[in-house]
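Trainee: For the record, the sequence lines run as chains E and B.
Residue 29 in the working numbering sits at position 29 of the first sequence; the count goes up by one each step and never skips.
Count along the second sequence from 1, then add 1000; that gives the number in the working numbering.
The set of hints was computed from the structure by calculation and includes no laboratory data.
Be a bit skeptical, because a hint or two may be false.
[To be verified] In silico EDC-like links for lysine to aspartate or glutamate, alpha-carbon gap of 20 angstroms or less:
#, chain 1, residue 1, chain 2, residue 2
1, E, 33, B, 1258
2, E, 201, E, 144
3, E, 259, B, 1213
4, E, 120, E, 141
5, E, 259, B, 1189
6, E, 201, B, 1355
7, E, 201, B, 1132
8, E, 259, B, 1174
9, B, 1199, E, 276
10, B, 1231, B, 1174
11, E, 259, B, 1132
12, B, 1139, B, 1126
13, E, 259, B, 1209
14, B, 1139, B, 1189
15, B, 1264, E, 128
16, E, 155, E, 141
17, B, 1264, E, 144
18, E, 126, B, 1132
19, B, 1199, E, 144
All of these numbers come straight from a predicted model, not from anything done at the bench.
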Amino acid sequence: MSHAVQFDLSEDQSAILGGLEQLIGTLNIEAPKDPVVSAYSQPLDDELTTGGFFEITQSEGFGLLDGALIVEALAKLPVSVEAAASILIAPSFLEDAGRRPVALVSGSAAAPARFLPMAKTLLVDKGDDVLRIDIPEGAVEDVETLFAYPYGRLKNPGALPAVSLGAGRVAELRRRWRMAIAVEAAGLMQSALDTVLEHVKTRQQFGRPIGSFQAVQHRLVMAAEQGQATRWLALRAAWSDSEADAAIAATYAQDATPKFCNDLHQFCGAMGLTLEFPLHHWTYRLRALLGEMGGSSGSALAAADAVWAGKVP
Amino acid sequence: MSESLDEFRARARAWLQANVPHHAAPMEGPESRDYALAWQKRQYEGGWAGLTWPQAYGGREASVLQQIAWFEEYARANAPSTHNACFVGTNHAGPTLIACGTDEQKSFHLPRIMKGEVIWCQGFSEPNTGSDLASLRTKGVVEGDELVVNGQKIWSSYADIADYQELLLRTDPDSARHHGLSWVICKMDTPGITVRPIKTMAGPAKFAEVFYDNVRIPLSNVVGGLNNGWKTAMSTLGFERGTASLALQISLGQRVEELIAANKDVALAETLMDLRADAAALRAMSYQFAVKSETGPVGSEGSMIRLYFAELAQRVAKASIEIFGIAAPNVLEEHGLGFDYFDAYSETIAGGTAEIQRNIIAERVLGLPRGSR
Ligand SMILES: Cc1cc2nc3c(=O)[nH]c(=O)nc-3n(C[C@H](O)[C@H](O)[C@H](O)COP(=O)(O)OP(=O)(O)OC[C@H]3O[C@@H](n4cnc5c(N)ncnc54)[C@H](O)[C@@H]3O)c2cc1C
């Protein structure tokens, strides 16, 4: 096995990301002006579909790593779009790629899930089985949250036919889900950090930019380190598609998130706690990811399991 | 015969059991005002308001041990958060008036605060004045027996539902920094005041921007002397560090116990036991500090306890999400996950940021040389 010690974008990857940037540019996506708790960009979803971005991993010469780069780039936007499950998970779980957006849920099909209001498919991690549920029009009720993703819940989960995909698919679903969490977190962290760096350079107190205080600088440097570490672990997980790498990437991202978000909000003062300041577009979502797949402790146990090959009690 | 502490506690428990409101506090607007006032009034009528206030002003002057017992019972009974719309009146404006007000100011305002008749808000911060409070610019110009106020305040909690504001102004135009300021009682329905509520990350509008356009305030509303406002403002800073936050600290410990009871995941055992140890340490520090505060002025160690509390609250919020996930109960309600999370963030910002407090602790508690700022 070769080791990806060096990572520069290939020509193809640069071209794809350039294309994505251009597409986003034409849509003129900005942080919503009015204070809103969650914003889903359907126009972006439509454009990505037309552009074939959701099928990238099945295209000749492309794979999970390329998909991960796209998911990461999309997470940097101040609006959300369901891409991680569609790109990193759906291809091997859906018969018909058109049945996206895809929502994911652990345990019970009745639990609230990200993207369920617009999802056409729900994948349920039952622990001993993976269920696939096709979602008809009108089957979902919205759930109000403070997580900036659209959330919904099936009104009557028992009434919808569920296809059992078998116990053999559980590990794969979890691996990819954890990979998706880490990749998305990497993009969110980067935009959140950029927003705060801009703020501390311009906001003045005591006659100087607050970014000149060492107490502020040191913790922002630590936040930058966490962002970088999350990114490289996530990309490694996408490159290797291994259980251990995915679980370790998710553990790191989920563990780092609370401190990371805290510090970022801290340095924006009261302004950073409002819906008029853009930071929440990313930190809300980071917080949502924190609660998935058993959180950092669940991911850490999965990592231990993978590393010690099931020998963990 | 005076009541024993156990008797006091039993009486508090019985009263709380019979009187704590059953519906959760509304989060914003006139309903939150009515709720806070009704709860304050009920405590007053039950003889439980103003535990920390001197008897001369209608307070109970309860001993620190009684205060601790009260707040323990208060948390156990799930009584409304003490961080409600009455907080500024009972814990900030009231104590400031007690320390610096004229007899007239005290006899007019203190009973109204205690009886739950009025809401107060604080107008210190400005768009360009946060941590550096002494840079404030909203000005009051003396004209006859009035101050004419022009400028803008921001982050004034409950300003949209308040009757009065403790307003810090620059009243000497030639002054700089903390000189030439005045602490003034501002009636919120005075012509020229405009209030714009600001939505927080937690959903509701908890604070507001306030604009002053030729607002006329009688000079008799100045507290602690014209151009002496910095001293007036600082007179009550210590008050907040004493027992005012005990209720919140005790509730946090209770929250940890609830998480332990709700948790079914062995992977979280270590995290939860860490939190339990932290909660126990916090309790020990805050009780010790409160007891010490009874016998004399307390120093800046209160800031350490506040920081410990705030950072523990942030970690408790993280554990809550891991345990309950998105399905956590009452995400949007008071004390729900959304609120805990937001409150935990604001704990290290509101009333002086964690960094400013650490600067103070480093200097005054650890005796380190003052850094550049
Ligand atoms: C929930 C809430 C309620 C509030 N209610 C009120 C109210 O009722 N009335 C009122 O007047 N105000 C209120 N405030 C405002 C509060 O007092 C200010 O937010 C606080 O003083 C910090 O100011 P700022 O938000 O402008 O942050 P800034 O001063 O801009 O600080 C931004 C960051 O820079 C850091 N920083 C600044 N100076 C230094 C330094 N010298 N060294 C190291 N780091 C530094 C800060 O610690 C912070 O992390 C409230 C705030 C909140 C969050």
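Trainee: Now look at each hint and say whether the structure bears it out.
Mentor: A quick look at each hint next to the structure:
1. 33(E) with 1258(B): Between residue 33(E) and residue 1258(B) the Cα gap is close to 39 angstroms, so the pair fails against 20 angstroms, i.e. violated.
2. 201(E) with 144(E): 35 angstroms, violated
3. 259(E) with 1213(B): Status violated; Cα separation ~42 angstroms.
4. 120(E) with 141(E): 14 angstroms, holds
5. 259(E) with 1189(B): Judged against 20 angstroms, a Cα distance of about 42 angstroms means the pair is violated.
6. 201(E) with 1355(B): 17 angstroms, holds
7. 201(E) with 1132(B): Holds - the C-alpha atoms of residue 1132(B) and residue 201(E) are around 17 angstroms apart, at most 20 angstroms.
8. 259(E) with 1174(B): 44 angstroms, violated
9. 1199(B) with 276(E): 8 angstroms, holds
10. 1231(B) with 1174(B): With a Cα-Cα distance of about 18 angstroms, the restraint between residue 1231(B) and residue 1174(B) holds, given a limit of 20 angstroms.
11. 259(E) with 1132(B): Distance ~25 angstroms between residue 259(E) and residue 1132(B) Cα, so the pair is violated.
12. 1139(B) with 1126(B): 12 angstroms, holds
13. 259(E) with 1209(B): It is violated: about 29 angstroms lies between the C-alpha atoms, which goes past 20 angstroms.
14. 1139(B) with 1189(B): With Cα atoms ~19 angstroms apart, residue 1139(B) and residue 1189(B) stay inside 20 angstroms; holds.
15. 1264(B) with 128(E): Between residue 1264(B) and residue 128(E) the Cα gap is close to 19 angstroms, so the pair holds against 20 angstroms.
16. 155(E) with 141(E): 6 angstroms, holds
17. 1264(B) with 144(E): 26 angstroms, violated
18. 126(E) with 1132(B): 54 angstroms, violated
19. 1199(B) with 144(E): 16 angstroms, holds
Hint compliance for this structure: hints 1, 2, 3, 5, 8, 11, 13, 17, 18 are broken, all remaining hints hold.
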